[in-house]
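Protein chains: 2
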Amino acid sequence: MSVHQPLAIGIDIGGTGTKFGIVDKDGNVLFSGEMSTKKHREIDGYIDELHGHLGELIEKAGGIGRIRGIGVGAPNGNFYTGNIEYAPNLPWSGIIPIAKMMSDKFKLPVTLTNDANAAAIGEMMYGAAKGMRDFIMITLGTGVGSGIVANGQLIYGHDGFAGELGHTIVIPDGRIHQGTKKHGSLESYASATGVRLTALEMLENSTEDSLLRTADKETLDSKVVYDAAIKGDKLALDIFEFTGKILGLALANAVMFSSPEAIILFGGLTKSGDLILNPTRRHMEENLIQVFQNKVKILISHLKESDAAILGSSALVWDKQ
Amino acid sequence: MSVHQPLAIGIDIGGTGTKFGIVDKDGNVLFSGEMSTKKHREIDGYIDELHGHLGELIEKAGGIGRIRGIGVGAPNGNFYTGNIEYAPNLPWSGIIPIAKMMSDKFKLPVTLTNDANAAAIGEMMYGAAKGMRDFIMITLGTGVGSGIVANGQLIYGHDGFAGELGHTIVIPDGRIHQGTKKHGSLESYASATGVRLTALEMLENSTEDSLLRTADKETLDSKVVYDAAIKGDKLALDIFEFTGKILGLALANAVMFSSPEAIILFGGLTKSGDLILNPTRRHMEENLIQVFQNKVKILISHLKESDAAILGSSALVWDKQ
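Sequence order for the protein chains is A and B.
Numbering that gives the first Met the number 0 applies: residue 0 is where the first sequence begins, and numbers increase by one.
Numbering that gives the first Met the number 0 applies: residue 0 is where the second sequence begins, and numbers increase by one.
Be a bit skeptical, because a hint or two may be false.
Same chains, same names: a pair is fine if it fits in one copy or spans any two.
Keeping only pairs whose Cα atoms sit at most 16 Å apart, straight-line, the calculated EDC-like set for lysine to aspartate or glutamate is [unchecked claim]:
#1 Lys233 to Glu200
#2 Lys180 to Glu285
#3 Lys230 to Asp273
#4 Lys294 to Asp158
#5 Lys216 to Glu203
#6 Lys294 to Glu84
#7 Lys233 to Glu285
#8 Lys222 to Asp103
#9 Lys233 to Asp158
#10 Lys296 to Asp158
#11 Lys180 to Glu284
To be clear, the hints were calculated from the coordinates, so they are not data collected in a lab.
With the sequences and hints as input, model every part of the structure.
Okay, here's the thing in structure tokens:
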């Protein structure tokens, strides 16, 4: 790292936690940290805490003079307005002018986008989508986000909100989403919360013996389901099959819409590897019409998870220059 | 029309019929004609007949020297390869190198794309989408096609097949599509065939009195349903409500994906006006998350129907230059 190399700040605001870091242009995360999003009911307190943490990192990195800007990825983050608008998974309701607020606080230019769009730019600059002109990034975390790249460009849409694949309806009249109150969206099944709900429902609705019956209901998540599934637990396998069926259907619909070269998955659920990928691929192929079959790669992001969100957000700073 | 103005041929290949014409750069269809697609089981006979009809029009228009090229819109038409590939609604199966075949026959450059992509280019050059950078064109005809424009560019996708919104699955395990054998696609409900099937199913499954009970089952289509609905026929209105529910859901999903400024509808079903538009709009809005609500215009194409398909296809010739 050259002493005079310009740096960027990347901030990834998730429903549960916020990751932040200082990144060089080659994609090295030099300093990073994490804090809770959830505990901050007030946006001002949130920005104060973030400013405090980042202030320390900026000093370590050689001072604010080296920082070119801040890139922020957040659910419902709008590239055009710099606002987070009506994000169902964040503690702040309504319209939050977060780019303006951060810019005032940090005295640095701030670029905001949807967290999954940020991840897509990160994959295109540093990850699995290097060199691709048409791909879809899907983040399977607390929520389900997506970033769509076509003709080599991120699709922001008319108003900056494109790429909300997680809120598309996969099962009409299906499970209700507690944030949006809509029924049957992809996010209500394929998010961390969704997989947990599927597990609880399946335990409730079946009498089948399962390792999951003795699991702590409070901490039951895709990791716990994974641990049972690799031991051959039938109910745990059924949970992945069910989740893969819905995710595969949603991927098939996305493929028939924008015909990407690859779909890149990122997030907690992908740690279950083939247990979730196999049913997802199978159901995707089953729902594709012939011209799309056996063409589209489903790839797992190979960026280090702790870095990827920060990298993607920081890439906004260079992407804008 | 200047004597020396260059002209383009536009050909729109539909499942039932083919429209063709000679168009100037301002979008005036100077000469046009129509023939059956359906009756030609062999592609060679089809191209021979088309060549015969167009030969006459070319002479009328001042000879082949004035023609700059041929634009063809066809279901599953691939912009990159010039092939029609596995089109479920056309009489020819497998891969048809139609651009090459036509180019050999006509001795003119041929540009092919999906029929709905051609319509989208036509709307962007001459129609309701003039000046828009983000919109979705949806054709509701024998099949349901779509053309997606984002950042001012048509989305062809990785392999040239983007925009198959008609084949996305709206009702998992729903009605089978006779062409694709997939269940619950938009096309199996919102195409001409789909609306007809809905009408026949509703007549079968209800005992309700209806003007449609005395209609000729052979010719029952959205026009017949429209005629009954404007007289207040409950079952006819239910058919539009049902179709609008499914179309509205599909539109909501498309909006959350690419966030267009408008959706432009074209084709037979749109002639039913508010009877189909009102339930479609209502169900679209119901399925949208808050950030997208009350923003997206649903417009009916105002290009003359007899011209629009030809115009759109011919626009490919200028778009490529």
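Status of the hints after comparison with the structure:
{"no.": "1", "hint": "Lys233 to Glu200", "result": "within (15 Å within a copy, 39 Å between copies)"}
{"no.": "2", "hint": "Lys180 to Glu285", "result": "between (29 Å within a copy, 10 Å between copies)"}
{"no.": "3", "hint": "Lys230 to Asp273", "result": "within (14 Å within a copy, 57 Å between copies)"}
{"no.": "4", "hint": "Lys294 to Asp158", "result": "between (31 Å within a copy, 9 Å between copies)"}
{"no.": "5", "hint": "Lys216 to Glu203", "result": "within (12 Å within a copy, 48 Å between copies)"}
{"no.": "6", "hint": "Lys294 to Glu84", "result": "between (36 Å within a copy, 14 Å between copies)"}
{"no.": "7", "hint": "Lys233 to Glu285", "result": "neither (23 Å within a copy, 37 Å between copies)"}
{"no.": "8", "hint": "Lys222 to Asp103", "result": "neither (40 Å within a copy, 60 Å between copies)"}
{"no.": "9", "hint": "Lys233 to Asp158", "result": "neither (45 Å within a copy, 39 Å between copies)"}
{"no.": "10", "hint": "Lys296 to Asp158", "result": "between (29 Å within a copy, 13 Å between copies)"}
{"no.": "11", "hint": "Lys180 to Glu284", "result": "between (30 Å within a copy, 13 Å between copies)"}
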